[in-house]
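2 protein chains.
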Amino acid sequence: MLYGSIEAGGTKFVCAVGNEDLEILHRESFPTTVPAETMAKVIAFFKKFETELVGIGIGSFGPIDIHEESPTYGYITSTPKLAWQNYDFVGAMKKEFSVPVAWTTDVNAAAYGEYVFGHGKGLDSVVYYTIGTGVGGGAIQKGQFVEGFSHPEMGHMLIVPHEDDSYKGNCPFHGNCLEGMAAGPAIEKRLGKKGADVPESDPFWTIEADYIAQCVYNTTLMLSPDVIILGGGVMKQQHMVKKVHEAFTNLMKGYVKTPSLDEYIVTPALEDNAGTMGCLALARKVALSA
Amino acid sequence: MLYGSIEAGGTKFVCAVGNEDLEILHRESFPTTVPAETMAKVIAFFKKFETELVGIGIGSFGPIDIHEESPTYGYITSTPKLAWQNYDFVGAMKKEFSVPVAWTTDVNAAAYGEYVFGHGKGLDSVVYYTIGTGVGGGAIQKGQFVEGFSHPEMGHMLIVPHEDDSYKGNCPFHGNCLEGMAAGPAIEKRLGKKGADVPESDPFWTIEADYIAQCVYNTTLMLSPDVIILGGGVMKQQHMVKKVHEAFTNLMKGYVKTPSLDEYIVTPALEDNAGTMGCLALARKVALSA
Numbered sequence: 001m002l003y004g005s006i007e008a009g010g011t012k013f014v015c016a017v018g019n020e021d022l023e024i025l026h027r028e029s030f031p032t033t034v035p036a037e038t039m040a041k042v043i044a045f046f047k048k049f050e051t052e053l054v055g056i057g058i059g060s061f062g063p064i065d066i067h068e069e070s071p072t073y074g075y076i077t078s079t080p081k082l083a084w085q086n087y088d089f090v091g092a093m094k095k096e097f098s099v100p101v102a103w104t105t106d107v108n109a110a111a112y113g114e115y116v117f118g119h120g121k122g123l124d125s126v127v128y129y130t131i132g133t134g135v136g137g138g139a140i141q142k143g144q145f146v147e148g149f150s151h152p153e154m155g156h157m158l159i160v161p162h163e164d165d166s167y168k169g170n171c172p173f174h175g176n177c178l179e180g181m182a183a184g185p186a187i188e189k190r191l192g193k194k195g196a197d198v199p200e201s202d203p204f205w206t207i208e209a210d211y212i213a214q215c216v217y218n219t220t221l222m223l224s225p226d227v228i229i230l231g232g233g234v235m236k237q238q239h240m241v242k243k244v245h246e247a248f249t250n251l252m253k254g255y256v257k258t259p260s261l262d263e264y265i266v267t268p269a270l271e272d273n274a275g276t277m278g279c280l281a282l283a284r285k286v287a288l289s290a
Numbered sequence: 001m002l003y004g005s006i007e008a009g010g011t012k013f014v015c016a017v018g019n020e021d022l023e024i025l026h027r028e029s030f031p032t033t034v035p036a037e038t039m040a041k042v043i044a045f046f047k048k049f050e051t052e053l054v055g056i057g058i059g060s061f062g063p064i065d066i067h068e069e070s071p072t073y074g075y076i077t078s079t080p081k082l083a084w085q086n087y088d089f090v091g092a093m094k095k096e097f098s099v100p101v102a103w104t105t106d107v108n109a110a111a112y113g114e115y116v117f118g119h120g121k122g123l124d125s126v127v128y129y130t131i132g133t134g135v136g137g138g139a140i141q142k143g144q145f146v147e148g149f150s151h152p153e154m155g156h157m158l159i160v161p162h163e164d165d166s167y168k169g170n171c172p173f174h175g176n177c178l179e180g181m182a183a184g185p186a187i188e189k190r191l192g193k194k195g196a197d198v199p200e201s202d203p204f205w206t207i208e209a210d211y212i213a214q215c216v217y218n219t220t221l222m223l224s225p226d227v228i229i230l231g232g233g234v235m236k237q238q239h240m241v242k243k244v245h246e247a248f249t250n251l252m253k254g255y256v257k258t259p260s261l262d263e264y265i266v267t268p269a270l271e272d273n274a275g276t277m278g279c280l281a282l283a284r285k286v287a288l289s290a
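Line by line, the protein sequences give chains L and S. Counting in this note's numbering, the first sequence runs from 1 upward without gaps. Counting in this note's numbering, the second sequence runs from 1 upward without gaps.
Honestly, I wouldn't trust all of these hints.
Since copy identity is lost for identical chains, a pair holds within one copy or between any two.
[To be verified] In silico DSS-like cross-links for lysine-lysine, where the CA-CA straight-line distance does not exceed 27 Å:
(1) 121 x 142
(2) 189 x 253
(3) 285 x 142
(4) 41 x 95
(5) 168 x 257
(6) 95 x 242
(7) 81 x 253
(8) 257 x 81
(9) 285 x 121
(10) 95 x 253
(11) 189 x 168
(12) 189 x 242
(13) 236 x 12
If you are wondering where the hints come from, they were derived from the structure by calculation, not from laboratory data.
Just chain L, same shape as in the assembly (with noise of 0.2 Å):
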């Protein structure tokens, strides 16, 4: 018996299979060029353990239809990949497999995957953000995806510009909203070098930190979840987590009394596994009650 597991990022798809404690046994990353090609690929692996697969967990990159009722269920929407634009993904899985699929985003993938193993595990509310070629979170509240009309786009919120930062920011719908000022395209755009080779020693990670402190700082008291966890790349900055810290503090003012920092706004348990354990994780629930 195994499950699949499909990560559909903007930049590659990493494709994967698990056995029943959810142990990866086989996975394979493809680029993401347009659906024929990708696909074609996704399906083929999956092909070769066809017999034994009984559920497949899919974390795309969005915007998507989750709302099983609506005639494009299952639809990559509305996404500036022009190749990608109103693609049935799970109907083209769905034709080839005939096992149970999940359908949600990449963000929420991670996040379930946080939720079930990592820093998430036995809480009731795991909020997840990833912060690297774009800034996108998930929530869950018992076991639940934090949804309604659609999935949330929190990487897209407001923040206050920081007063030593003249950059204008980059996002085309909000110019300076979060991911628009945050996210690795705005770092290297603002200091003409990858946010991997700006050193730790430079004055911007502040500024940075303020920006990923008021998004954990809003997330607080709109979900006020028991855990927040950053993501991506940005985060892989060992420095960020205490820097985020430190400008929570300073933005909250002892207005709130959240759980301990250490334990509160924290890096990924799982590291890069978050997405593929979290649609292993759905395969799973969607495979057992079908």
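Following the hints, complete the assembly by docking chain S onto the known chain L.
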């Protein structure tokens, strides 16, 4: 068979009893002074109906302890109203009445009222804000309050100061957070008169609408609810909803396709009864599940 409702606000307590159909039969208000005085009136009110009372729903000003396993569950905790700090509200009611008691924030109760009887009826995900003496928010998804380590404190989210507004904000914690810039006292301190006396033509309302729209924008991105209900004194200005719609459209710039704004950003269907109706519905829920 009667259900009891206590809307415990910072200015007044509204007590009510309703029948099986949650029709309000009796209602009385008492000023919020000190617990000994106010609660004596609350208890005397319900004693008149004690033989028929089967459950009580309380929506209280906060912060409050909502964790059932906590030793201070049912307490008002670190409120600036010193006489009510660490007050065991649920304990005081349970001591006098041997019926199940539901316990949540005042704004969650109003959200629940709209969820069961108002603009949230039949929807999965509802957010309610009150914009008056303070700003508070509550969210419900599939019958559960959105919460984690505590209840939300949405009114203190960060907002970007409007370019035509030089007011520095009056939140004692955060200065120019949403409550510090947009609640009734901030309007009065800024303009030298109460919001109710500021004419529709005053350009300030465009600024106020921008702040409320920032709140609605962030809420849309964080929770993606089915409806956002705006209550409280400020929204009694009939012209405000339309101004908020316009400001929201300007902020969102088409990024997220929300439901039609006339159905998505609305004032309470229950008007000032949302809190009482919510408490009655919570009383019924807790009585039926006891």
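Outcome of the hint check:
1. 121 x 142: both (11 Å within a copy, 22 Å between copies)
2. 189 x 253: between (32 Å within a copy, 23 Å between copies)
3. 285 x 142: Both. Shortest intra-copy (14 Å) and inter-copy (19 Å) distances satisfy the 27 Å Cα cut-off.
4. 41 x 95: Result: close within a single copy only, 15 Å intra versus 67 Å inter.
5. 168 x 257: between (33 Å within a copy, 25 Å between copies)
6. 95 x 242: neither (48 Å within a copy, 46 Å between copies)
7. 81 x 253: So residue 81 and residue 253 pass the 27 Å test across copies only (19 Å; inside, 42 Å).
8. 257 x 81: Between copies only: 17 Å across chains, 42 Å inside a chain, cut-off 27 Å.
9. 285 x 121: within (16 Å within a copy, 29 Å between copies)
10. 95 x 253: Neither way: residue 95 and residue 253 sit 54 Å apart in one copy and 37 Å across, limit 27 Å.
11. 189 x 168: within (11 Å within a copy, 32 Å between copies)
12. 189 x 242: For residue 189 and residue 242, only the intra-copy Cα distance (25 Å) is at most 27 Å; the inter-copy one is 38 Å.
13. 236 x 12: within (19 Å within a copy, 50 Å between copies)
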